[in-house]
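Student: Combine both chains into one complex, guided by the hints.
Here is how the chains run, residue by residue.
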Amino acid sequence: GDSVTQMEGPVTLSEEAFLTINCTYTATGYPSLFWYVQYPGEGLQLLLKATKADDKGSNKGFEATYRKETTSFHLEKGSVQVSDSAVYFCALSDPPPGADGLTFGKGTHLIIQP
Amino acid sequence: DGGITQSPKYLFRKEGQNVTLSCEQNLNHDAMYWYRQDPGQGLRLIYYSQIVNDFQKGDIAEGYSVSREKKESFPLTVTSAQKNPTAFYLCASSSRVEETQYFGPGTRLLVL
Chain A
332 GDSVTQMEGP
342 VTLSEEAFLT
352 INCTYTATGY
362 PSLFWYVQYP
372 GEGLQLLLKA
382 TKADDKGSNK
392 GFEATYRKET
402 TSFHLEKGSV
412 QVSDSAVYFC
422 ALSDPPPGAD
432 GLTFGKGTHL
442 IIQP
Chain B
1063 DGGITQSPKY
1073 LFRKEGQNVT
1083 LSCEQNLNHD
1093 AMYWYRQDPG
1103 QGLRLIYYSQ
1113 IVNDFQKGDI
1123 AEGYSVSREK
1133 KESFPLTVTS
1143 AQKNPTAFYL
1153 CASSSRVEET
1163 QYFGPGTRLL
1173 VL
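As they're listed, the protein sequences go chains A and B. Basically our numbering = 1-based index in the first sequence + 331. Basically our numbering = 1-based index in the second sequence + 1062.
Keep in mind that the hints are not guaranteed to be accurate.
As the list claims (entries may be wrong) - Straight-line distance between alpha carbons at most 20 angstroms, and here's what the computed SDA-like set of lysine to any residue pairs gives: (1) A:K383 <-> A:T355; (2) B:K1145 <-> B:R1130; (3) A:K437 <-> B:G1120; (4) B:K1119 <-> A:S334; (5) A:K383 <-> A:D333; (6) A:K437 <-> B:R1130; (7) A:K387 <-> B:P1167; (8) A:K437 <-> B:F1150.
Simulated from the structure, these hints should not be mistaken for laboratory data.
One chain only, chain B, in its complex shape (with noise of 0.2 angstroms):
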């Protein structure tokens, strides 16, 4: 059953702590992608890969950082410098000859 997988579900960050989200794929999805999502906000792009072992920043790329080293895992850090964490994370993929990205179940992050 192909598709994207995210977890946990729901994670709860203390003060000071990083934490890191998972996000797996076995669609052989060249691009990957990082999204956070807000009430009333819509869905705001953080970082994407487009091939293994490279990433760039999106639009809200502080407080945040991620790594590539496989095809099919896309792991986001929330550190400690994003002063405002919680939020709804959405993880997605892509082929490179399809602009149709699919999306992953989502974390929910708390803040303790």
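In isolation and in its complexed conformation, chain A is listed as follows (with noise of 0.2 angstroms):
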């Protein structure tokens, strides 16, 4: 079946370094990519999305690309922020007919320090 595998953390970074997350993914079909965050105590929220290989999501700065070739789908941001703080999960979209419902990895815990 279809899976997502991202790095567990928690990544602890300080207040202005270059962030990634990595995230790949097994999928039978072609499946659409999202990164969601979730602020402690609270729902997710879709971050960015991408649908198709070669796609490039972004949003609050940051982005991921569509790698069909790698079975990836990389987050990144330029100089993260405290309020950058959170866990943030891969998702995919991959159902077979007849079902639905969103595959996520198991969650990457970031810590921005000042």
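Tutor: Listed below in structure tokens is the structure:
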């Protein structure tokens, strides 16, 4: 079945550092890929998405490129802020016919220190 | 203000008790979902509904039940058959034309 693997962390960085959170996937079809962010005690918010190979999703300084050849969707940001501290989930949508739902990675806890 | 609301924010269950978590959306979305989140486990799909009066089991449906009598509402009941109900429960919805799911703020269920 489909699966998503991401670095589990916690990942601790200093403010203004460069961020990469790795995400790789296995899927039988051609999935859409997502990054969601979860702040403490809250639900998930969509951060960005890409629906086909070579698409780049971007939002709030974060970027991720859909790489079909490496089955990856790594999240990057050039200069992180303390307010970026949260848990980040990589997810894919590739349900078989008649099914539904997203497949999530286990989440990466990001801690940004001032 | 469009969005998804979940209530209550915290819920306590006694042994042998059924409890119901509320999920309401005013986004006019056809599909609704329930996920369970455990520490270090990511999110797992419990039930989903693509249309009113129809719903399907997800990966971990045992011990849970749902109904979808209205487009806006998708309540989840955690039954006494669910032996390990302590978790954070998230409701989501999506439209027919977009795969993106939008999430509510969640309900944390604790066992007394």
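Student: Hint by hint, say whether it matches the structure.
Tutor: Do the hints match the structure? See the list:
Under the criterion of a C-alpha separation no larger than 20 angstroms, the hint pairing A:K383 with A:T355 is consistent with the structure, at around 15 angstroms. The hinted pair formed by B:K1145 and B:R1130 fails the criterion: a straight-line CA distance of about 24 angstroms is larger than 20 angstroms. For the suggested pair A:K437 and B:G1120, the alpha carbons sit about 18 angstroms apart, so the restraint of at most 20 angstroms is met. For a cut-off of 20 angstroms, the pair hint linking B:K1119 to A:S334 stands: about 19 angstroms separates their Cα positions.
With a C-alpha separation of about 17 angstroms, the suggested pair A:K383 and A:D333 falls inside the 20 angstroms cut-off, and the hint holds. For the proposed pair A:K437 and B:R1130, the alpha carbon gap of about 29 angstroms is over 20 angstroms, so the pair is violated. With a CA separation close to 28 angstroms, the supplied pair A:K387 and B:P1167 exceeds the 20 angstroms bound. Between the alpha carbons of A:K437 and B:F1150 the distance comes to roughly 14 angstroms, so the proposed pair stays at or under 20 angstroms and holds.
In summary, the numbered hints that this structure violates are 2, 6, 7.
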